[in-house]
Amino acid sequence: MFESIKQGMENTRTKFTEQMNILLDRGPRVDEEFWEGLEEALILSDVGAPAAFSIVERMRDTATRKALPDAYAVLDALTEEIAATFATSEVNVFDENPVLVLFVGINGAGKTTTVGKLASAGKRAGRKVLLGSADTFRAAAIEQLAEWAQRSEVDIVQRERGADPASVCYDTIERAEATGANFVLIDTAGRLHTSDDLMRELEKVVNVVRKRSQIPVRTVLVIDATTGQNGLNQARQFNSALDLDALIITKLDGTARGGIALAVSHELQLPIAMIGVGEGLMDLQVFNANEFASALISEELRGVTHEDAEA
Amino acid sequence: MLESLSDRLQNIFGGLRGKGKLTEDDINNAMREIRMALLEADVNFKVVKDFVARTKERCLEAEILDSLTPAQNVVKVVLDELTYLLGESDSKLEFSSRIPNVIMLVGLQGSGKTTAAAKLAYLLREQKHNPLLVACDVYRPAAADQLQTLGDEMGVRVYRGEGDNPIKIAKEGVQDAIDNLRDVVIIDTAGRLHVDEQMMQEAQNIKDAVQPENVLMVVDAMTGQDVVNVAAAFAEQVDFDGVIMSKMDGDARGGGALSIREVTGKPIKFISAGEKPDSLEEFHPDRMAKRILGMGDVVSLVESAAKLREEEIAEEQAERMMRAQLTLNDFLDINRQVRNMGGISKLVSALPGGDRALSQGQVDTSALDRMEVIIHSMTVEERNKPDILNGSRRARIAAGAGVTVSDVNQVLKQYNETKKMMKQYLPALTDEPVRGKKGKKGKKKKKRGMGMPGLPGGMSMKDLREIQRLMDEMN
Ligand SMILES: Nc1nc2c(ncn2[C@@H]2O[C@H](COP(=O)(O)OP(=O)(O)OP(=O)(O)O)[C@@H](O)[C@H]2O)c(=O)[nH]1
Ligand SMILES: [Mg+2]
Chain A
1 MFESIKQGME NTRTKFTEQM NILLDRGPRV DEEFWEGLEE ALILSDVGAP
51 AAFSIVERMR DTATRKALPD AYAVLDALTE EIAATFATSE VNVFDENPVL
101 VLFVGINGAG KTTTVGKLAS AGKRAGRKVL LGSADTFRAA AIEQLAEWAQ
151 RSEVDIVQRE RGADPASVCY DTIERAEATG ANFVLIDTAG RLHTSDDLMR
201 ELEKVVNVVR KRSQIPVRTV LVIDATTGQN GLNQARQFNS ALDLDALIIT
251 KLDGTARGGI ALAVSHELQL PIAMIGVGEG LMDLQVFNAN EFASALISEE
301 LRGVTHEDAE A
Chain B
1 MLESLSDRLQ NIFGGLRGKG KLTEDDINNA MREIRMALLE ADVNFKVVKD
51 FVARTKERCL EAEILDSLTP AQNVVKVVLD ELTYLLGESD SKLEFSSRIP
101 NVIMLVGLQG SGKTTAAAKL AYLLREQKHN PLLVACDVYR PAAADQLQTL
151 GDEMGVRVYR GEGDNPIKIA KEGVQDAIDN LRDVVIIDTA GRLHVDEQMM
201 QEAQNIKDAV QPENVLMVVD AMTGQDVVNV AAAFAEQVDF DGVIMSKMDG
251 DARGGGALSI REVTGKPIKF ISAGEKPDSL EEFHPDRMAK RILGMGDVVS
301 LVESAAKLRE EEIAEEQAER MMRAQLTLND FLDINRQVRN MGGISKLVSA
351 LPGGDRALSQ GQVDTSALDR MEVIIHSMTV EERNKPDILN GSRRARIAAG
401 AGVTVSDVNQ VLKQYNETKK MMKQYLPALT DEPVRGKKGK KGKKKKKRGM
451 GMPGLPGGMS MKDLREIQRL MDEMN
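Chains as they are written, first to last, in the working numbering: chain A, 1 to 311; chain B, 1 to 475.
Calculated from the structure, these hints are not laboratory results. On a predicted model such as this, the values are computed, not experimentally measured, just so you know. Any given hint might turn out to be false.
[Stated by the list, open to error] Simulated restraints on C-beta separations:
#1 B:N329 to A:D164: 34 to 44 Å
#2 B:F95 to A:P98: 50 to 60 Å
#3 B:L412 to A:F53: 50 to 60 Å
#4 B:D369 to A:K204: 16 to 26 Å
#5 B:I167 to A:D61: 55 to 65 Å
#6 A:D95 to B:E88: 49 to 59 Å
#7 A:F53 to B:R98: 51 to 61 Å
#8 A:P98 to B:R98: 57 to 67 Å
#9 A:P69 to B:A232: 31 to 41 Å
#10 B:Q414 to A:L198: 27 to 37 Å
[Unchecked claim] Every beta carbon over 12 Å from chain A, so not counted as near; a handful from chain B, in silico:
#11 K56
#12 L60
#13 S67
#14 E81
#15 L150
#16 G155
#17 G163
#18 N180
#19 D183
#20 Q211
#21 R336
#22 A367
#23 G402
Quick reminder that beta carbons are idealized off the backbone N, C-alpha and C, glycines included.
This is chain A alone, in the form it adopts within the complex (with noise of 0.2 Å):
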């Protein structure tokens, strides 16, 4: 269903081209001054010191062992690795049908945004959306969800502020059984994984949601793209507590890489299901590990190549 909006990630893809370009005036050496501006871009990305390391170190042994000519080809060999290195999933759990979707996080992670633009991308690909406020804790964050539903003409499930979020749930499900919707997406409050309480909360709710539901539930972690090493520790928290089944990325339309999601993905073998990549209800994309892989080094590298150049 998201095959529309694929067309967006051309533009990294053009991007990417161009830098490879820039690389190229640069000459295709691979030396010492190459090495080291790429373990800076990868830790510019934040994928982590050691993650980069190991992957320049490999990247070394790669290059020796296959004898790559040039930068290109180490560049190349490097963007397949790191998308080899995303987990993956057979079917993306947006494109499941039916499915209902719990969406957990840190506060302003971008979850109710990213419900809001579900909403709207499932509307258009004509299934039948149901939307669940279950964020009964922060101030507004009901009338901020109730308002994406109008803005996608989708139907919601709302109780007052600082009711039972369970109950919420649990009216949500009753409410899709009675009018067949299929797409179910319930927003959940933004909390810190290092509280325990607001944890065992959300742990409740979604045990009761998993038992109650006949349709299949999938509960997906939203993280910030500019997010640092930090990232690492709310997914375990979060996985540990939630046993999480997918990512999703969000602001990526800002100069953060995300590499963060690189290394949440890869230790919590959990696939990105989607990325957010602005404010706007079609800013939304279906995650690509290959062009996620690119954007990921490119800009750095740009940078070191530039300043080679000018030097």
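Chain A is fixed; fit chain B with the ligands onto it per the hints.
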């Protein structure tokens, strides 16, 4: 706060301390490890590079290597450089004589501006200001509702205006403050990306229109390497005056906090660490640096204790405590005070090595809750005269509280120790005279020094500062 960085650094120093003499190689190795620790903490790549270069150079100087205590000196250099990164002096909000003063908040989407705006209003009101909140985020659905709700909950006026022109709303907000006699205006703006030219221009326009005394950028403490690009762009285009670090209550590694000053030259003014409105604190770079190096933050602890000191307790109780006759009811009271100060973990984490002990699970943070349940299971008589607690009473209490008899014994042991300790220290109480205050009959109130378990009852602020100084010297 910043535990994992703190942990790694302390391990590195532990290794150095184990050696009597340090060679150049030792320093080089330590610096490599420090570099790694900082990178893992999300400190910006370039900041790390410079930091390590500076620190290494200083550590390799003869005075350090050849000194009698080289490891201590290395720690001192690192402390110095960390403090420098965090900002050498406290940076408070500066107000002008204009009424109203205007504070404008800017930042990326989801960084926590709205929450920070509300917390700032709360803090300013505590400081006897009369703030007005202005909702200028006209883009995110229900953003103004959010601010309105937060304002209503605290009883702070909120101006939200009409239409979708944030510049107009900001100006009207300032006028609303004048009309309603508010002396500070806090403007919450929409989250924006630093690469979104139109939105950055808008922020600039709001700024031009209301001429804020303070523009504060709200930065999520969990931000990764990109914090540098973001903050630099905001500094250039909006030119903010200081930073509020948000979400410091998580296990953020502090990279943002350690990078931002170096990159933008702008100081951190506040840190926001919690969900409650009172969880915005002024930022003290030197204390933070010490905490990162595991040297504790006794001064902050003393300050929160001093706040509690304002609280008054019944004279009867104060006297009992002075005569070291505290009962188990007093124990409950102490418990409540610890809670008011942010709970046992906050208390322990302010002590040298405390963060570490906490993260290694050496501190039982639920001990207080258990203690409370146990004491609540006792009769009034038992609480006042713990001596009568024989075996069968203890068994009954344990059953009532759902714990084992040895848990009950533990509480009583702690109680006895505290009592003993108070006896020891109470003579020192004269240092901090207990001021009497006339009250209604039988309900005379008195102020007293703080009584916290583990901290001697009669110590004054001065004593604690002295302790901190001694501990600094030990380190
Ligand atoms: N630029 C950009 N902004 C985004 C994106 N996704 C979300 N946002 C913005 O990020 C901010 C926070 O988004 P929300 O959807 O409210 O986040 P949340 O996780 O629901 O937040 P809480 O419910 O408060 O925990 C809003 O201002 C959104 O407009 C994205 O992909 N790009
Ligand atoms: Mg939300």
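ask   = Among all the numbered hints in the text so far, which are the ones the structure does not match?
value = 15
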